[in-house]
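Engineer: Construct all of the structure, not just a fragment, from the sequences and the given hints.
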Amino acid sequence: MSGAAPRTDGVLRPHPDDAERIEAFLPAPAVQNHAANLAVLPGGDLGCVWFGGTQEGVSDISIWFSRLAPGGHTWSAPVRLSGDATRSEQNPVLAVTPEGQVWLYYTAQRAGHQDTAEVRLRVSTDAGATWSPPRTLFPATADGGIFVRQPPVVLPTGRWLLPVFHCVATPGRAWVGDHDTSAVMVSDDAGATWLRRDVPDSTGCVHMNIHPLADGTLLALFRSRWADHVMRSVSTDHGWTWTPPVATGLPNNNSSIQYVPLRDGRLALVYNHSSRADATGRRVSLYDEISDDGHTTVAAPVPGGEPEPGPAEGGRTAFWGAPRAPLSLALSSDGGHTWPRRRDLEVGDGHCLTNNSRDKLNRELSYPSIAQTPDGALHLAFTYFRQAIKYVRVRPEWVERG
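For the sequence shown, the UniProt record's numbering gives the first residue as 1, with consecutive numbering after it.
Hints may be right or wrong, so weigh each one.
For each label pair, taking beta carbons as the anchor points, the in silico distance ranges come out as [what the hints assert, rightly or not]:
hint, residue 1, residue 2, range
1, Ala129, Gly158, 24 to 32 Å
2, Thr74, Leu361, 39 to 47 Å
3, Pro133, Pro70, 26 to 34 Å
4, Arg316, Arg266, 49 to 57 Å
5, Arg358, Asp9, 15 to 23 Å
6, Thr280, His238, 41 to 49 Å
7, Arg358, Thr157, 45 to 53 Å
8, Asp344, Ala129, 33 to 41 Å
9, Asp9, Thr157, 42 to 50 Å
10, His73, Thr136, 35 to 43 Å
11, Thr373, His15, 17 to 25 Å
12, Gly172, Asp215, 41 to 49 Å
13, His238, Arg358, 44 to 52 Å
14, His15, Pro133, 14 to 22 Å
These are computed hints drawn from the structure, not numbers from a lab. Think of the CB as a built atom: it goes at the ideal place given N, C-alpha and C, for glycine as much as any other residue.
Structural biologist: Here you go:
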């Protein structure tokens, strides 16, 4: 992978060493660009949302939106879809309802305090051309904030399932993620009202990603705050109850994952094939000491081998700083129990001991999103060094030929 600055013009080009792979860097509207999510929009356009600004947690972080027409060769100029000058707006998710509306979910928090986050919503009835004013869908509570990262699922029964995670505050301490848990917001009236269903024993399991399998079972995969393994849980009653998450055979580095069922019945997962076992350092500050006025100071990492900082109370503590690379695409033919076919999309050292994008100190390849279009192509978008969102198009056979 070249160290040259990405060419963020949105133009699709074949990979210089792989004609089966088409890629582009989306136009970058800000110093930092992170946390992409893809969706196929009404009419067939591919939509991509992400957040951009000075740095994650700073109040100039906003949601951005770009689109690619079917058969198109260039991603559109980004449009900003949020602008609260008092909050950092993050983790956007696009979802298309059965009626053809496009719902944009995203979070809004004070500075680096995820325990203050609320989930906001905007709705488009014209495939993303115009949007309703933002409104708060799920407010923060007295004991913590609420976050989204993964798209909702609409079941054949008409039930909507929106996975969320709860960023739990610890009195007297800054939020670090030690006590985060997952839940599913359930709606049986097309999003008019919601009920929360907690995932049992899910402390440390976040970014819950749900899809139905061929037999009707719902499979959820999770990011692990402990930076050990991708976790899994299932539901056999339409998402009302969930089994306690258990470890899969895949590593996780306390960074986001995403999977999607393919048209041929297999599952495709994009993730970082790394964990804390690969770390050479540990972050001592998730947000580089961001203050409420946006001032930042890069925190020094803890060298490998030194004792880990302890949690606020007894128990485990979240691990930050495991390398966010390589970025890998894996296939499963047995409902996600095993993933025998894997090929790396991007490789590098995945350095993420700081979120500093101004000085280009971050080299992570992370927060992937994946979608399949009716022609069978796989579309992926992910964070490239926090400088840009990179787009890649391949076919499932590309993994098998790797």
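Engineer: Sort out which numbered hints this structure fails and list those numbers smallest first.
Structural biologist: 2, 4 and 14
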